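A.B. asks: Here is how the chains run, residue by residue.
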Amino acid sequence: MEKRSDYSDDIKTIKKIMEESSRFLSLSGLSGIFAGFSAIIGGTIAHFCILKYHTLFVNDSLATLSAGDISRIKIQLTADALIVLLFSLVISFYFSYRKARSKGHKIWSLISRRFLLSFIIPLITGAFFIIILFLENQWFLIVPSMLIFYGLALISAGKFTYNEIFYLGLAEILIGFCAAIIKGPAVLFWILGFGILHIGYGIFMYRKYEG
Amino acid sequence: MKNAISRLNKLFENRVRLGIMSVLIVNDTYDFNNFKETLGVTDGNLASHLKALEENSLIKVNKQFIGRKPNTSYSITETGATLFRDHIKALEDLIKSQ
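Residue numbers (this note's numbering), protein chains in the order written: chain A, 1 to 211; chain B, 1001 to 1098.
Be aware that one or more of the hints could be misleading.
[Claimed, not checked] Short derived list, chain B residues pointing at chain A, Cβ under 10 Å:
#, residue
1, L1008
2, F1012
3, I1020
4, M1021
5, V1023
6, L1024
7, V1026
8, Y1030
9, D1031
10, N1033
11, N1034
12, E1037
13, T1038
14, A1090
15, L1094
16, I1095
What the hints contain is simulated information worked out from the structure, not anything from laboratory work. All values derive from a computational prediction rather than experimental measurement. Virtual Cβ for every residue (Gly too), placed ideally from N, Cα, C.
Just chain A, with the same shape it has in the complex (with noise of 0.2 Å):
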């Protein structure tokens, strides 16, 4: 007859390989922080060298310059939103694949393949979007839309991945709400939703899962 600790055993191994099998837990919360300070460095540029403390909303500050400095805004802006982008994918991809390694896990599997699907799909309709905003110079709602599709992309992922992202993405997209209703103060939103709440999430899941 098997005893009590072959049933939990057993109970054990269910759970574990159902966690296994259908989410993504080679997500690090050192992603978040690097991911983190990158934004606010990068948005912290935006304010102070790009903008130069004019506020994304055009009607009573951008309405100012010249044609020429608002193309220039335009360049700049991408360029460093692009950089901050692309360094916290490529460090997510970098500490994602070092935990998944040192737990013996495939980065390239089935349900990373699922996560990524379900994160990247919201995330390129907003990028469209966001395109769109910037070509037709409806620049106040172009942070609120980057938090909101951001905020959406990771309750899609959460599916897949830790449960804590759900609760991340419901913030970011309170925080998109927030910038599209007070309107001037929206790199602080971006550097709010963007940095201090990814450097928050990430200590806290590193402590919780990696501590």
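The hints should help you fit chain B onto chain A, whose structure is shown.
C.D. replies: Okay, now just chain B, sitting in the frame of chain A:
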């Protein structure tokens, strides 16, 4: 207690079968190679357990082609899901009662 033991399903006593069912209860479909990777078992061993579960109508097999390669994927049947949930419940009851 005796009751809970009788509710344990003999089919799930084997670790590989337990693993297969655990995977399929949370994944709509899963294919042969992914099982091998997740459960870390050999082809023959895995195939025989999948066959046993299939014969008992706990899982179903979907054969299709991805490009030119044949691809066999598996999913859980309603019966399979019910029986597996009952088995988990019985295990939990046993742990609690002891």
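A.B. asks: Does each hint fit the structure? Answer for all of them.
C.D. replies: For each hint, the structure was consulted:
| no. | hint | in the structure |
| --- | --- | --- |
| 1 | L1008 | holds (8 Å) |
| 2 | F1012 | holds (8 Å) |
| 3 | I1020 | holds (9 Å) |
| 4 | M1021 | holds (8 Å) |
| 5 | V1023 | holds (4 Å) |
| 6 | L1024 | holds (9 Å) |
| 7 | V1026 | holds (4 Å) |
| 8 | Y1030 | holds (7 Å) |
| 9 | D1031 | holds (8 Å) |
| 10 | N1033 | holds (9 Å) |
| 11 | N1034 | holds (5 Å) |
| 12 | E1037 | holds (7 Å) |
| 13 | T1038 | holds (5 Å) |
| 14 | A1090 | holds (9 Å) |
| 15 | L1094 | holds (5 Å) |
| 16 | I1095 | holds (5 Å) |
Figure legend: structure checked against the earlier numbered hints; every hint is met.
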